[in-house]
Amino acid sequence: MTEPRARFVQTIVEVEGRTESRVVEMPAFEPAPWTADTPLAIVGTSAIRVDAYEKVTGRARYTADIVRPGMLHAVIVRSPIARGTLTTVDLDAARAVPGVRGVMGPGDAPAGTRLFRTDVGYAGQPLAAVCADSLDAATRAARVVTRSLRFDLAPHAVTVDDAIAPGAPTVRSDKPNASTPDVTERGDIARGLAEADVTLTREYRTQVALHSALEPHGAVCEWTGDHLTVWESTQGIFRVRSDVAKALGVPQASVRVLKDYMGGGFGAKNGAGAHTFTAALFARALGAPVRCINDREAEQTDSGNRPATVQKVTIAARRDGTLTALALDALVPLGISGWEGGPGQIYHELYACPNVRTSETWVYINASGMQAFRGPGYVEGAFGLESAMNALARELQMDPVALRLKNLATRDQRADRPFSGNRLDECYAEGMKRFGWPSTVNRLPSTVSHLRRGIGVAAQTWPTGGGPPSYALVRINSDASVDVLAGTQDLGTGSRTIFAQIAAEALGARLDTVRAVIGDTERLPYTGNSWGSMTTPSVGPAVRMAAEDARMHLLEAAAQLMDLPVDSLRAEGSMVLSSSGASMSFADVCKRLGNVQIVGRGSRGPNPAGVAIVTVGAQFVEVEVDAETGVVRVLRVVAVHDAGRIINPALAESQMHGGIIQGVGYALFEERHIDRTSGVPLNTSLHDYKVPTMLDVPAIDASFLSGSDTVANHVGARGIAEPPIIPTAPAIAAAVADALGVEVRQIPLTPWRVLGALAE
Amino acid sequence: MQISVNGRPHDLDPARSPTLLAALRDQLELTSPKLVCDRGECGACTVRLDGALVYACLTLTAACEGADVQTVESLAGDGTLHPLQQAFIDHDAAQCGFCTPGQLMAAAALLERTPNPDDADIRAAMSGNLCRCGTYPKIIAAIRAVADASGAAT
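Chains as they are written, first to last, in my numbering: chain Z, 127 to 886; chain W, 219 to 372.
Calculated from the structure, these hints are not laboratory results. Note that the structure is predicted; figures quoted are calculated from it, not measured. Mixed in with the good hints there might be a few duds.
Derived lysine to aspartate or glutamate pairs resembling DMTMM-like cross-links, with alpha carbons at most 25 Å apart [claimed, not checked]:
{"hint": "1", "chain 1": "Z", "residue 1": "816", "chain 2": "W", "residue 2": "337"}
{"hint": "2", "chain 1": "Z", "residue 1": "816", "chain 2": "W", "residue 2": "256"}
{"hint": "3", "chain 1": "Z", "residue 1": "532", "chain 2": "Z", "residue 2": "556"}
{"hint": "4", "chain 1": "Z", "residue 1": "532", "chain 2": "Z", "residue 2": "869"}
If you want the ones that stay clear, here's a sample from chain Z, every Cβ over 10 Å from chain W, calculated [stated by the list, open to error]:
{"hint": "5", "residue": "152"}
{"hint": "6", "residue": "480"}
{"hint": "7", "residue": "683"}
{"hint": "8", "residue": "703"}
{"hint": "9", "residue": "776"}
Here are a few chain Z residues that sit away from chain W, every Cβ distance over 10 Å (derived from the structure) [unchecked claim]:
{"hint": "10", "residue": "191"}
{"hint": "11", "residue": "193"}
{"hint": "12", "residue": "298"}
{"hint": "13", "residue": "413"}
{"hint": "14", "residue": "422"}
{"hint": "15", "residue": "485"}
{"hint": "16", "residue": "527"}
{"hint": "17", "residue": "619"}
{"hint": "18", "residue": "643"}
{"hint": "19", "residue": "761"}
{"hint": "20", "residue": "801"}
The beta-carbon is built from N, C-alpha and C at its ideal position, and this holds for glycine as well.
Make a model of the complete structure from these sequences and hints.
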């Protein structure tokens with residue numbers, strides 16, 4: 127007898143543009159891919175979101191809705207200054223406030239939490255925390271602590287210009303303000319510039335944008351002996367678990383993270399935060415459950431942001447539009463901390479250009495650190511790259527779509543390898559048809575009206591292959607109801623629905639018998655964070671494999687019960703059907719089996735070698751600009767993207783709407799302001815930080831090409847969530863430039879920037 | 219202090235919860251109105267107070283003595299959803315769902331006031347309810363569908 131042996135292989139996974147090599151276990155079997163022609167009954171239909179009923183009836187329980195017996199409330203005291211040393215804090219005054227149960231300040235938290243340090247690097251930095259019987263009491267006590275704070279002030283730099291100026295203040299004690307540039311180059315820029323007939327150099331600037339999820343970051347923590355339960359609003363329950371275990375020095379097995387519903391993430395909720403550690407520490411010290419939820423000011427101040435960029439772009443082409451060189455010199459102020467997302471990547475990927483050079487300098491400033499925000503790096507980079515492409519099209523008097531088709535990347539430009547699938551050319555064609563491009567129909571004569579209309583286009587690419595490890599179980603209960611068990615998250619994207627659809631399809635069960643159970647580190651198999659648009663392509667294949675495994679087991683059992691050969695049986699609509707015409711319902715099979723459990727196991731196999739997996743798309747925009755007030759209105763957006771198989775068209779359309787509408791906000795009015803003198807954020811409310819309302823929403827025609835990416839994975843789906851926000855802002859800016867005849871090179875395109883550009 | 223919430227009498231302590239939102243959430247554990255901005259900027263805590271649409275976070279508990287408060291739980295009858303709730307489900311008008319109770323309350327008030335709103339009426343009436351997921355087109359479609367169905371019925 128041979129001993130069963132696991133096989134481990136190396137695979138490449140791309141997360142938000144970063145490439146990682148991982149060792150993964152080969153699945154026991156890989157189902158044949160669902161091709162574009164595979165007849166599917168449930169996958170590909172706009173099934174009703176499985177938790178819609180809970181959401182419309184108010185029954186959906188979010189982290190902030192969790193109430194535990196005897197629960198206390200914690201509030202974090204944050205720095206009112208941007209840079210300096212905390213010299214005095216009076217915690218005893220807070221202890222005297224009625225209802226206060228505990229106070230923590232400098233030195234009271236384990237080093238791993240990085241909480242309550244005296245070295246202040248930004249306004250909003252946690253310095254202390256209070257815990258009380260009620261939120262009101264905790265808030266009052268927090269104010270008492272705030273009033274007691276004394277600092278040795280130090281000079282700060284809150285803008286990139288201030289941080290890199292000669293003699294700039296030291297932003298961080300441990301690192302220089304600016305990194306050495308990260309340079310990535312292919313070909314020879316000098317040769318590319320020499321070959322060009324036209325060379326343009328432009329500086330584009332993008333702003334700091336705030337995620338502004340309506341549900342703030344928050345956690346409820348409760349200890350039972352040495353076991354900690356954490357309810358957290360998060361995109362990654364297993365990441366929160368490892369963060370908490372590491373920071374508190376406890377085994378991961380002692381930490382259970384739960385997440386049922388969450389009110390948006392958009393990239394800012396990928397791990398444990400100050401609120402999590404604060405709640406966990408107070409809960410342990412006080413022997414009671416503790417809730418710690420950011421208020422809105424904390425959420426808009428210190429819960430992550432999309433960093434600003436300064437992008438100096440040089441674009442060079444022959445007279446016929448063929449790109450010969452692309453160069454980017456970028457400054458990215460990360461805040462007090464952050465990772466290298468970066469605007470440079472899309473410059474290397476979107477177009478076939480032999481000579482590309484990007485230089486990215488990461489700059490620390492005295493402001494809260496960045497976090498991934500929907501399409502991090504690519505959104506910022508697309509504004510520079512696509513704006514430069516549109517400027518080049520104007521210079522060459524060439525249609526901007528024709529210019530793009532001339533330089534279409536038909537292979538992955540970074541590694542000179544094929545794509546698993548990339549139909550960007552079809553996206554352009556379909557988008558032009560739907561939009562009526564190039565359109566002159568709606569143009570208003572500028573001589574008779576202060577309202578000017580213009581049209582613009584931009585494109586997008588984003589790595590969306592996902593990858594291992596992700597695991598799922600499919601359990602058929604004795605009444606034939608089905609549980610899909612996977613430790614993933616639904617941010618509002620619809621992953622619960624998607625996985626129920628995939629499992630029902632693969633199992634041959636009715637969708638209404640299948641329920642996806644997610645969001646529990648203790649009782650569900652591991653999946654990764656819901657980031658990088660990779661939940662569906664990462665977890666989907668594991669769910670499908672688990673359901674196929676369960677179906678095979680069920681059919682084996684049915685073959686015994688029906689006394690028929692198993693290969694004559696198939697499963698469909700929760701029935702076992704034989705080629706001879708005999709049938710038996712899943713319910714009858716399970717009833718006969720009693721408590722014999724059918725549990726299918728699935729895991730995500732390695733990614734295919736030697737291919738790039740991307741989602742691409744094109745967006746076409748029409749705007750109306752008031753040349754007297756500078757106000758820009760987006761009238762309509764046509765978006766066509768290629769993401770392989772779409773599991774649920776209605777849910778995918780909702781995600782497209784969301785990305786485009788966030789893109790409208792990014793293009794027109796979202797911008798964090800920090801006062802340069804005080805270093806304090808100025809617009810920390812939802813009134814002052816402008817997110818789009820229903821009045822700002824254009825007519826949106828969003829669609830995906832139909833098909834299936836059988837190379838990427840056996841479900842055929844790539845990611846969809848982040849791509850829609852990437853091209854929206856440059857397409858809007860191009861339409862504004864078209865309307866006015868002058869380019870506004872800094873977003874958001876506020877009235878004064880528009881009027882300023884007009885005045886030049 | 220006596221108050222009626224969704225047709226049931228309740229006793230509230232205004233000193234414990236200064237705002238109606240805090241009172242509903244903390245004393246009655248009625249969590250459908252959401253705490254998002256706590257200053258009347260987002261609409262996630264929208265409820266009806268004696269029929270009027272209010273932000274619960276800006277409504278003082280002490281001013282609600284004897285009042286009749288309705289939250290999204292009041293929309294559904296016994297076993298049947300309000301047409302707007304059904305339309306929100308059918309049109310996928312909730313992504314993360316955090317703003318949804320407030321959106322539904324605002325939409326219900328709109329249709330009572332203006333049974334057949336045009337697109338501009340809907341956008342204006344709903345502009346005080348933020349949705350960061352950007353579900354607005356589907357919310358408009360859901361409201362439109364209910365208005366059209368009731369128009370066809372009369």
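Beyond 10 Å on every Cβ pair: is that true for residue 643 of chain Z relative to chain W? holds (18 Å)
Should the label of residue 152 of chain Z as a non-interface residue stand, given a Cβ cut-off of 10 Å to chain W? It holds; residue 152 of chain Z is separated from chain W by about 36 Å at its closest Cβ, greater than 10 Å.
In terms of Cβ atoms, is chain W entirely out of 10 Å range of residue 761 of chain Z? holds (13 Å)
Verify the proposed pairing of residue 816 of chain Z with residue 337 of chain W, using a straight-line Cα cut of 25 Å. Holds, at about 22 Å.
When you look at the beta carbon of residue 298 of chain Z, is every beta carbon of chain W farther off than 10 Å? Consistent with the label, residue 298 of chain Z stays out of reach of chain W, its closest Cβ about 31 Å off (over 10 Å).
Reported absence of residue 619 of chain Z from the contact zone with chain W (all CB gaps over 10 Å): violated (7 Å)
Measuring Cβ to Cβ, find out whether residue 776 of chain Z lies farther than 10 Å from everything in chain W. violated (5 Å)
Does the alpha-carbon distance linking residue 816 of chain Z and residue 256 of chain W stay inside the 25 Å limit? Roughly 16 Å separates the two Cα atoms, so the pair holds.
Does residue 480 of chain Z clear chain W by more than 10 Å, comparing its Cβ with all Cβ atoms of that chain? At about 38 Å from chain W, residue 480 of chain Z clears the 10 Å cut-off, so the statement holds.
Minimum Cβ separation between residue 485 of chain Z and chain W greater than 10 Å? holds (34 Å)
Closest CB of chain W to the CB of residue 191 of chain Z still more than 10 Å away: violated (4 Å)
Beyond 10 Å from every Cβ of chain W: is that where the Cβ of residue 193 of chain Z lies? With a cut-off of 10 Å, residue 193 of chain Z comes too close to chain W, as the shortest Cβ separation is near 6 Å.
In summary, the structure is inconsistent with hints 9, 10, 11, 14, 17 from the numbered list given earlier, while agreeing with the others.
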